[in-house]
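*Asks:* Following the hints, put chain B in place on chain A, whose structure we already have.
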Amino acid sequence: MTRAGLHALLSHWWRNPMQLFTLVVGLSLATALWSGVQAVNAEARASYDAAAATLGEGQFAQMTSDAGMIQQADYIKLRRAGWLVSPVVEGRLDGVRLIGLDPLTAPNGLGPVDLSDGELTVDVLTGGVFFATQDTLDRLSDYNVTLVPSPDVAPGVILTDVGTAQRLLDMDGFLSRLIVASAQPVNQAPLADVAPDLTVRTPQNGTDVARLTDSFHLNLTAFGLLSFAVGIFIVHGAIGLAFEQRRPVIRTLRALGFPLRRLVALIAVELLALSLIAGAIGVGLGYLIAAALLPDVAATISGLYGASVSGTLQLRPEWWLSGLLIAVGGTGMAAATSLFQLARMPLLASARPRAWAMQAGRGRLYQAALAVGLLILAALLGAFGSGLIAGFGMLAALLIGAALALPVVLDRVLAFGSSRAKSVIAEWFWADTRQQLPGLSLALMALLLAMAANVGVSTMVSSFRLTFTGFLDQRLASEFYVYADDADQAAALQTFLTSRVDKVLPIQSADQDIRGLASEIYGPTAHATYRENWLFLQSAPDAWPRIEAGEGAAINEQLARRGDIAIGDTITIAGQPFVVLGIYGDYGNTIGQVIVTETLFNTLFPDIRALRFGLRMDPADVPALSAELRDSFGLAESNMINQAGIKAFSLDVFERTFTVTGALNVLTLAVAGFAILMSLLTLATMRLPQLAPVWAQGLTRARLGRIEIIRAVLLALLTAALALPLGLALAWTLLAVVNVEAFGWRLPMYLFPLAYLRLAVFAVIAAVLAALWPARKLARTRPADLLKVFSNER
Amino acid sequence: MLLRVTDLIKSYPGPDGAVAILNGISMAMDRGETLALTGESGSGKSTLLHLVGGLDQPDSGHVAIDGVDIGALDDASRAAVRRDKVGVIFQQFNLIPSLTVASNIAFQARLAGVEDADWTRDLTTRMGLADHMAKYPEQLSGGQQQRVAIARTLAARPALVLADEPTGNLDETTADTVLDLMLTLVAETNAALLMVTHSERLAARMGRRLHLRAGRVA
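As they're listed, the protein sequences go chains A and B.
Numbered according to the working numbering, the first sequence spans residues 169 to 962.
Numbered according to the working numbering, the second sequence spans residues 439 to 656.
If we strip away everything but chain A, and leave its shape as in the complex, we get (with noise of 0.2 Å):
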């Protein structure tokens, strides 16, 4: 019996197929949409992993010697003194950074690298083993170890133990660094007594790299949740006219004896099926998408950020089983009322897979009543609500009724074009136009997210890139960067650098806590360099000049959302009062900034030397002069930065990004215009009797085809209109309320009206392809097709 009733649902799928290919490919591209982007984030999540687990820099405390080496004696003097070091050899080879630790004694083992394998590990302690991701050892040439490829290892490093590092490196008997465990015994010997030319540095502050990264993520996540939802729309519309078209078939298998719950479980089994069967090709084409974007995000987050992604994609278990995850509990969400109402169907309702379409326009009041409650309920959210999931909150209220209100908002708009039309041609189209409306409803619920979605990112990111070059001009006015080792190269420095550029620009600061919050105290020299180059989000007047007079201070945004602190309140530095006259924005901090006059400063904090320095110059003498302090003063590289190269290759990662979203979009977009083409192909197949008597009394099928694509146009352009104010609040919420509660800064937003008419376009030309099959299928229907709605009648 089962087999005769799976036979009877099955067959439905074979004679019609199309309604079989919208489902699966639905769910397939919304699937894929979700997980390419998944697919990204875990691969960049964890490539911040592996770097942080690898270098270990930030968590712990380090242990440094002013000479620069230190001497493999101190390193066992302290371990015997019953202090928990360990010890790093660091260096290049072959251009890669190579890292050698100690597995027995470091905090991290030897970082992502799992040691569980007892053979292994007497490889690291005998032989000399290389951990490296593939692409990394493929650089190396034969030192005689064995290769290991290890995927969680950050790109471009390889880790191994120190002695090999010591032997390669050509080190014997010296250590770079120690590293200092978090936990220290109570009763161990002061540092100074024993090995007083080492100095402990303590872990960093704010440069967590994962929650710099997680804004992109989230922003990423944002987006394919968004993508996924219009997938959603599609596959809900596929599944409700599937029942709907099935809802004969029910009915007579039932009627010849199927029992009810075999036929609700066989259902849900096939739908199942189907999703895992969609769920899996979406996965697939996932894949594809996060391969193609990768290398793009992987250099825009590395760029933005600092942090090492591999470029390379991995098929990690947990972004494709949660794409199959939620390629079944999307199948499930949309066909939960399918489901439910065949489970209470009376066994004598009769099908209406046209009345099913029409449903739409039945409940319209209570639609359009839940549409404002939902809008209501995102505005109160937005101006009341605090907390990340409040903002979570309001995305969700304002997208969804947004989506409920467009068919309720298009109805009126329509019945308005109605009552103004003049010819009866004209009135006729008004007329069918919204009586199609209810029938297409979802799929322009999809293109009106799809589109706000592309509307909203384009935004957000414009916005992101616009404010992060401002940022970058800020940050990185001065033309070149020194770091000194310690206060007297620092005064050497200076002495040496006053004669050879135009200013040097001393950057000095203190850690102090500011209303309770961790912050940083700056004191910059008084130039133009900061009157010109750092923007105030806020100010009060002639802020600069005042600060420069030692009238009061600037501070951050952070510390000031945090702090609860506005323009013309005080704050308290090292006991002594100051008026904050400036707010500035600081993206990718996580703590409080102020910044007070250079002289201000030192009356404050008299023990703070400044270690670096910021060099006002001619950019061409940039690389002269690096090399120079390199030979001169021994720097190295990364106590040297140039600030033009970063800022060209920051500008370079933000056109990467636009890629990356760029192709985000057009796919958003695609599966929006694909459901279009689906919806206006399965209505076509029942718009027969209605466009049947306004054939035979005299409109070619041909001038039917022609007002098919201008109506599809027609809605597009309608739903474009509406889904431009919802993207923009879309950003406004992304940018101004979660970003805020996330990461505590805000992202000013710029509108970008030229991108918006670029988007119209597209989602025009995505309405006119999706319209013209269906609309070819119509000019072609054979006459004899027409007549039979007829003799269907008599």
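Wrong hints could be hidden among the right ones.
[What the hints assert, rightly or not] FRET-style restraints, in silico, Cβ to Cβ:
#, chain 1, residue 1, chain 2, residue 2, range
1, A, Met169, B, Ile447, 58 to 68 Å
2, B, Thr563, A, Glu595, 31 to 41 Å
3, A, Leu867, B, Gly566, 38 to 48 Å
4, A, Pro185, B, Asp504, 50 to 60 Å
5, B, Asp504, A, Leu867, 52 to 62 Å
6, B, Ser579, A, Ala448, 37 to 47 Å
7, A, Val929, B, Met571, 47 to 57 Å
8, B, Asp445, A, Leu867, 40 to 50 Å
Hints in this document: simulated from the structure, not taken from any laboratory.
On a predicted model such as this, the values are computed, not experimentally measured, just so you know.
Glycine included, each C-beta is placed from N, C-alpha and C at the ideal position.
*Replies:* Relative to the frame of chain A, chain B by itself:
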């Protein structure tokens, strides 16, 4: 007794409250009997047929098939009665559009697990459907589709055949041919046939007639 209907009452909700469709119908049928159910539109003929077939539930009263009160059964058991004992022929044919004629005809017999290839072949030949077995319902005329629906019902050899105006969509000549076939085959399988019809001419060819008026036996 194959079918016994006792004091059947059924009403449907209307804009001004419940509308009574059946007001205490009682009747009985045995194997081999043919009964025409006639009456004006809205007199309750189709409703009675649906209740007898277990497609709907009465407000009160009983329908017993082979002594089993189907009103007392759960949905799955009622489905089993429909599958094993009853065959319904609808006015709108209700064929499964995605299955071929051959699959449609064999369908109910397969559901009931009583598929008999020889009997099915014989049926289709006598119904004049042998040349159409690979076609889909939409490729057949109305008369041919109704013959497929009848063949589907009879292929499972049900004890009780319920037909709701099975020739209502057919012209007179085709209707006569279809009815001839149906009566012959019902007689051969010793089934009982309860047929709803508006046609006095067709009703006259049945063994008995039950005329309904305003939900009662007239």
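*Asks:* Taking the earlier hints as the rules, which of them does this structure contradict?
*Replies:* 1, 2, 4 and 8
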